[in-house]
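J.: Sequence:
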Amino acid sequence: MIFRCMHQEIPEIKNYYMNAITANDQFTLLYKLKEGVSSDSFGINVAKLVKFPDNVIEMANKKLTSFHYLPTTMNKSVKKNGLASLKNALIEVKQYNGNENQMDKLENLKNTLKNNKFIQTFIKSVCTK
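In terms of the working numbering, the sequence shown opens at residue 1 and continues consecutively.
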(Lines of atoms letter the chains of each structure in order from A and count residues from 1; the text may use other names and numbers.)
(Lines give C-alpha, C1' and ligand atoms only; values in the text may rest on other atoms or scores of the structure.)
Protein backbone atom coordinates (compact mmCIF):
# COMPACT_ATOMS: atom_id res chain seq x y z
CA MET A 1 0.00 0.00 0.00
CA ILE A 2 2.76 2.45 0.91
CA PHE A 3 4.66 1.55 -2.27
CA ARG A 4 1.56 2.16 -4.36
CA CYS A 5 1.44 5.72 -3.03
CA MET A 6 5.17 6.38 -3.18
CA HIS A 7 5.66 5.34 -6.78
CA GLN A 8 3.14 7.99 -7.87
CA GLU A 9 5.10 10.70 -6.07
CA ILE A 10 8.59 9.42 -6.90
CA PRO A 11 8.57 7.87 -10.39
CA GLU A 12 12.14 6.57 -9.98
CA ILE A 13 10.87 4.01 -7.45
CA LYS A 14 9.93 0.71 -9.04
CA ASN A 15 8.83 -2.60 -7.60
CA TYR A 16 10.69 -5.82 -8.43
CA TYR A 17 10.41 -9.40 -7.25
CA MET A 18 12.43 -12.60 -7.49
CA ASN A 19 10.71 -15.01 -9.83
CA ALA A 20 10.03 -18.47 -8.41
CA ILE A 21 8.00 -21.60 -9.05
CA THR A 22 5.88 -23.31 -6.41
CA ALA A 23 4.31 -26.67 -7.18
CA ASN A 24 3.47 -29.74 -5.10
CA ASP A 25 4.80 -28.10 -1.94
CA GLN A 26 8.13 -27.51 -3.70
CA PHE A 27 9.74 -24.08 -4.01
CA THR A 28 12.33 -23.16 -6.63
CA LEU A 29 13.85 -19.70 -6.98
CA LEU A 30 14.59 -18.91 -10.62
CA TYR A 31 17.06 -16.15 -9.73
CA LYS A 32 15.44 -13.80 -12.23
CA LEU A 33 14.50 -10.33 -11.07
CA LYS A 34 11.22 -9.25 -12.65
CA GLU A 35 9.62 -5.83 -12.64
CA GLY A 36 6.21 -5.59 -11.01
CA VAL A 37 4.45 -7.16 -8.05
CA SER A 38 4.59 -10.87 -7.36
CA SER A 39 1.24 -12.60 -7.30
CA ASP A 40 2.48 -14.74 -4.41
CA SER A 41 4.40 -14.18 -1.22
CA PHE A 42 7.35 -16.52 -0.90
CA GLY A 43 8.30 -15.55 2.65
CA ILE A 44 6.83 -18.70 4.15
CA ASN A 45 8.53 -20.86 1.51
CA VAL A 46 11.87 -19.24 2.30
CA ALA A 47 11.24 -19.69 6.04
CA LYS A 48 10.71 -23.43 5.46
CA LEU A 49 13.82 -23.57 3.30
CA VAL A 50 16.00 -22.14 6.08
CA LYS A 51 14.36 -24.37 8.72
CA PHE A 52 12.34 -21.85 10.73
CA PRO A 53 10.52 -23.48 13.68
CA ASP A 54 7.23 -25.15 12.73
CA ASN A 55 5.22 -23.00 15.15
CA VAL A 56 6.50 -19.81 13.46
CA ILE A 57 5.59 -21.13 10.02
CA GLU A 58 2.16 -22.19 11.26
CA MET A 59 1.56 -18.73 12.73
CA ALA A 60 2.68 -17.10 9.46
CA ASN A 61 0.30 -19.33 7.49
CA LYS A 62 -2.59 -18.28 9.73
CA LYS A 63 -1.71 -14.62 9.25
CA LEU A 64 -1.42 -15.11 5.49
CA THR A 65 -4.84 -16.76 5.44
CA SER A 66 -6.33 -13.78 7.28
CA PHE A 67 -4.88 -11.42 4.67
CA HIS A 68 -6.29 -13.51 1.85
CA TYR A 69 -9.65 -13.50 3.63
CA LEU A 70 -9.90 -9.72 3.58
CA PRO A 71 -10.13 -8.99 -0.15
CA THR A 72 -12.68 -11.70 -0.90
CA THR A 73 -15.15 -10.77 1.81
CA MET A 74 -16.16 -7.37 0.49
CA ASN A 75 -17.28 -5.93 -2.78
CA LYS A 76 -15.07 -3.48 -4.65
CA SER A 77 -17.16 -0.48 -3.65
CA VAL A 78 -16.75 -1.18 0.08
CA LYS A 79 -13.00 -1.65 -0.34
CA LYS A 80 -12.64 1.47 -2.49
CA ASN A 81 -14.57 3.62 -0.01
CA GLY A 82 -12.66 2.11 2.90
CA LEU A 83 -9.29 2.82 1.32
CA ALA A 84 -10.39 6.38 0.50
CA SER A 85 -11.48 6.89 4.12
CA LEU A 86 -8.17 5.55 5.38
CA LYS A 87 -6.21 7.79 3.02
CA ASN A 88 -8.23 10.85 4.08
CA ALA A 89 -7.74 9.94 7.73
CA LEU A 90 -3.98 9.70 7.31
CA ILE A 91 -3.93 13.10 5.59
CA GLU A 92 -5.97 14.63 8.42
CA VAL A 93 -3.74 13.14 11.10
CA LYS A 94 -0.64 14.34 9.26
CA GLN A 95 -2.03 17.89 9.28
CA TYR A 96 -2.77 17.82 13.01
CA ASN A 97 -0.53 20.29 14.82
CA GLY A 98 -1.75 19.99 18.40
CA ASN A 99 -4.33 22.75 18.09
CA GLU A 100 -7.25 22.30 20.52
CA ASN A 101 -9.70 23.35 17.79
CA GLN A 102 -8.75 20.27 15.79
CA MET A 103 -9.70 17.82 18.54
CA ASP A 104 -13.36 17.66 17.46
CA LYS A 105 -12.25 16.99 13.91
CA LEU A 106 -10.00 14.14 15.06
CA GLU A 107 -12.78 12.70 17.23
CA ASN A 108 -15.14 12.71 14.22
CA LEU A 109 -12.43 11.08 12.16
CA LYS A 110 -12.00 8.34 14.77
CA ASN A 111 -15.75 7.67 14.77
CA THR A 112 -15.84 7.56 10.97
CA LEU A 113 -13.07 4.95 10.92
CA LYS A 114 -14.70 2.98 13.75
CA ASN A 115 -17.90 2.71 11.70
CA ASN A 116 -16.20 1.74 8.44
CA LYS A 117 -16.66 -1.97 7.67
CA PHE A 118 -13.52 -2.22 5.53
CA ILE A 119 -11.31 -0.53 8.14
CA GLN A 120 -12.63 -2.75 10.92
CA THR A 121 -12.16 -5.94 8.89
CA PHE A 122 -8.66 -4.84 7.90
CA ILE A 123 -7.71 -4.08 11.52
CA LYS A 124 -9.07 -7.43 12.69
CA SER A 125 -7.15 -9.29 9.99
CA VAL A 126 -3.91 -7.53 10.86
CA CYS A 127 -4.30 -7.81 14.63
CA THR A 128 -5.48 -11.41 14.94
CA LYS A 129 -3.15 -13.78 16.73
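Everything labelled a hint here was simulated from the structure, so no lab data went into it.
Just so you know, not all the hints are guaranteed correct.
[As the list claims (entries may be wrong)] Lysine to aspartate or glutamate pairs mimicking EDC-like chemistry, simulated, CA-CA at most 20 angstroms apart: (1) K62 with D25; (2) K34 with E12; (3) K87 with E58; (4) K105 with E92; (5) K62 with D40; (6) K48 with D25; (7) K114 with D104.
J.: Broken hints, numbered, in rising order?
T.: As far as the earlier hints go, only 3 is violated by this structure.
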